[in-house]
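*Asks:* Can you build the whole structure from these sequences, using the hints too?
So the protein lines, in turn, are chains B and A.
For the first sequence, the UniProt record's numbering begins at 1 and goes up steadily by one.
For the second sequence, the UniProt record's numbering begins at 1 and goes up steadily by one.
Incorrect hints may have been included.
As the list claims (entries may be wrong) - Here are the in silico distance ranges between beta carbons for each label pair:
| # | chain 1 | residue 1 | chain 2 | residue 2 | range |
| --- | --- | --- | --- | --- | --- |
| 1 | B | E54 | A | A450 | 19 to 25 Å |
| 2 | B | T20 | A | V285 | 49 to 55 Å |
| 3 | B | G36 | A | P456 | 23 to 29 Å |
| 4 | A | K237 | B | F23 | 29 to 35 Å |
| 5 | B | A98 | A | A450 | 21 to 27 Å |
| 6 | A | R219 | B | F23 | 41 to 47 Å |
| 7 | B | S76 | A | A279 | 39 to 45 Å |
| 8 | A | L190 | B | S19 | 45 to 51 Å |
| 9 | B | E54 | A | E370 | 29 to 35 Å |
| 10 | A | L190 | B | G57 | 40 to 46 Å |
| 11 | B | G57 | A | A450 | 29 to 35 Å |
| 12 | B | E90 | A | M457 | 19 to 25 Å |
| 13 | B | E77 | A | K363 | 48 to 54 Å |
To be verified - Which bits of chain B does chain A cover? Going by a derived footprint, with three or more residues having C-beta under 8 Å, they are:
| # | stretch |
| --- | --- |
| 14 | 14 to 24 |
| 15 | 34 to 44 |
| 16 | 57 to 63 |
| 17 | 80 to 94 |
Everything labelled a hint here was simulated from the structure, so no lab data went into it.
Each residue gets a CB set at the ideal place from its N, CA and C atoms; glycine is no exception.
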Amino acid sequence: MTASAASSSGLFVPIYEVSTELFISLDGLRMPARRGETVIAVLLRNAAALGRSEFDGRSRAGFCLMGACQDCSLWSEDGGRIRACMTMVEDGMALVTAPPLAET
Amino acid sequence: MSGPSQDAPPVIVGAGPAGLAAAGAFVEAGIHPIVLDESDRPGGQGTRRLTPLLCDKAEPLFGARASRRRQEREAREDHILSLCDYRANTVVWGAFDGGLELLSGGACQDLRYAHLLLATGATDAILPLPGWTLPGVYSLGGAQVALKRHGSFIGRKIVFAGFSPLLYLAAAQYCRLGLREITVLDTTPLRGKLHAAIGMARYAAGTLRQGLSLMAELRRAGVRIRAAAELLAVEGKDHVEAFRFRDAAGREERLDCDAVAIGFGLRPETQLAELAGAAFEFDPVLRHWFPRVSPDGQAGPALWIAGDGARTMGAEGARFAGRLAALSMLQAMGRGEAVKSDEMRRLRRRLEHARRFQLAAAKAFRLPGEMLSRLPGETVLCRCERVTLGEVRAAVPRASGPVEVNRVKAITRCGMGRCQGRYCGVALGEVVAEATGRDLAEVGRLRAQAPIRPIPMSAAMRDAAE
Chain B
1 MTASAASSSG
11 LFVPIYEVST
21 ELFISLDGLR
31 MPARRGETVI
41 AVLLRNAAAL
51 GRSEFDGRSR
61 AGFCLMGACQ
71 DCSLWSEDGG
81 RIRACMTMVE
91 DGMALVTAPP
101 LAET
Chain A
1 MSGPSQDAPP
11 VIVGAGPAGL
21 AAAGAFVEAG
31 IHPIVLDESD
41 RPGGQGTRRL
51 TPLLCDKAEP
61 LFGARASRRR
71 QEREAREDHI
81 LSLCDYRANT
91 VVWGAFDGGL
101 ELLSGGACQD
111 LRYAHLLLAT
121 GATDAILPLP
131 GWTLPGVYSL
141 GGAQVALKRH
151 GSFIGRKIVF
161 AGFSPLLYLA
171 AAQYCRLGLR
181 EITVLDTTPL
191 RGKLHAAIGM
201 ARYAAGTLRQ
211 GLSLMAELRR
221 AGVRIRAAAE
231 LLAVEGKDHV
241 EAFRFRDAAG
251 REERLDCDAV
261 AIGFGLRPET
271 QLAELAGAAF
281 EFDPVLRHWF
291 PRVSPDGQAG
301 PALWIAGDGA
311 RTMGAEGARF
321 AGRLAALSML
331 QAMGRGEAVK
341 SDEMRRLRRR
351 LEHARRFQLA
361 AAKAFRLPGE
371 MLSRLPGETV
381 LCRCERVTLG
391 EVRAAVPRAS
401 GPVEVNRVKA
411 ITRCGMGRCQ
421 GRYCGVALGE
431 VVAEATGRDL
441 AEVGRLRAQA
451 PIRPIPMSAA
461 MRDAAE
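*Replies:* The following block contains the structure:
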């Protein structure tokens, strides 16, 4: 999967050149990323959602993009919670869209 | 628990324009404050630094001169912070008398203070629309942060809607970086705009000129601008597909688009101020609740507040307010010899001027609260808990006694979610005021509760056990 093919399915359009320096994953789906990118930039140029609202099941994809609304909350597989808009990518980062059972 | 000595370094929360200006004043006086900031880089939100991934885009985005000035300012700020106890990536999630609760690197920590400056800034004031929870709808400030921090456009075909000086600036910045399919829907009524323009010209002709030149720039680039628009709905199945609005002549129009940025001015971030003991007052012109501060920014014996979190005045006003608050703190710390009283007088004058400009501008940028009364009941009002406008309207008669927003929150859960009412609180006040036929000032404001940011359960339990 090339980055340009992937970006056509996403919401965000990167203004910088994308490249594959590392990988992160969301619900097991691997996505290439470049050092210095935010997690939300990588996820939303590859996907059109960051999971679903636990109240009505509709897709969610962040709103304020500056750490205040928590709409882009994701969980690492060990249960830690991150805000995709406030977190920089790291190689091997494995994220899930629903909280693991231990941390609900 | 005893507090720190009066010689303890002052604590600043927020490394935006106000916090950095205050830090600069302390450093000049030979004092090294603790600066806590949630972000990984200083600069705040409106004046956020450009991601290094876009380092070649600074000139097209800001212009050659402004981008040089930005570089110089950032170098100055870096120098100041190198002389402070600067803690990036640090969330302040609570405050109590004389102390703050911090979360950094997954661990919670208490920080006692003798002198605290809150420079927590503002977030977009938001009114809901049918479909505003669809992926692809972002706050106006968020759309700008998407560019500067995330290096990305929020979509390929974008509607910028609402009112705010930021509306035209954000659209222009997208345009300068190459996006052309942009529509601006300005909800400001034309008559209000004219009146405000006269008032604004009196206090800051330069700012008014900047606004007009942004509009001219957008028109030259082929951007469609619709004035006095009434926003109707965002449409789409799983993401944004179209935007419906009514133009000034009352004609309904449907625009194809894949992203929307909405904002209706700014609202102060005041949760920490409230937890630290500040009193609040309603500003009838700006139509928001603000912490009560002295002209120098003092809100309590050990508490100062500066910048958009105290009075919405933009980056320039925030720098004056931050510096003035730091000088007032130096006096309170017994370091008055480092403070020149004529400088304080000058700063107070500039601040008063900025405030008058803001009040003049607010006459144009009035929140279109009446827009809410025409929205259908199934419109989601609280995006976190998915509470609808209809549920909130129905709850008002069920509340006994004088109806205020915290009662309605308790009944409906509106404002109880993870954003803590930041993005529904403005509309909740308007809806309750309308449903009760009372003034916005009388229905109160959502009370803040710690943690003001979600914290890991493990960290919270550790904290409770101590």
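*Asks:* Check each numbered hint against the structure and report the violated ones by number, ascending.
*Replies:* none
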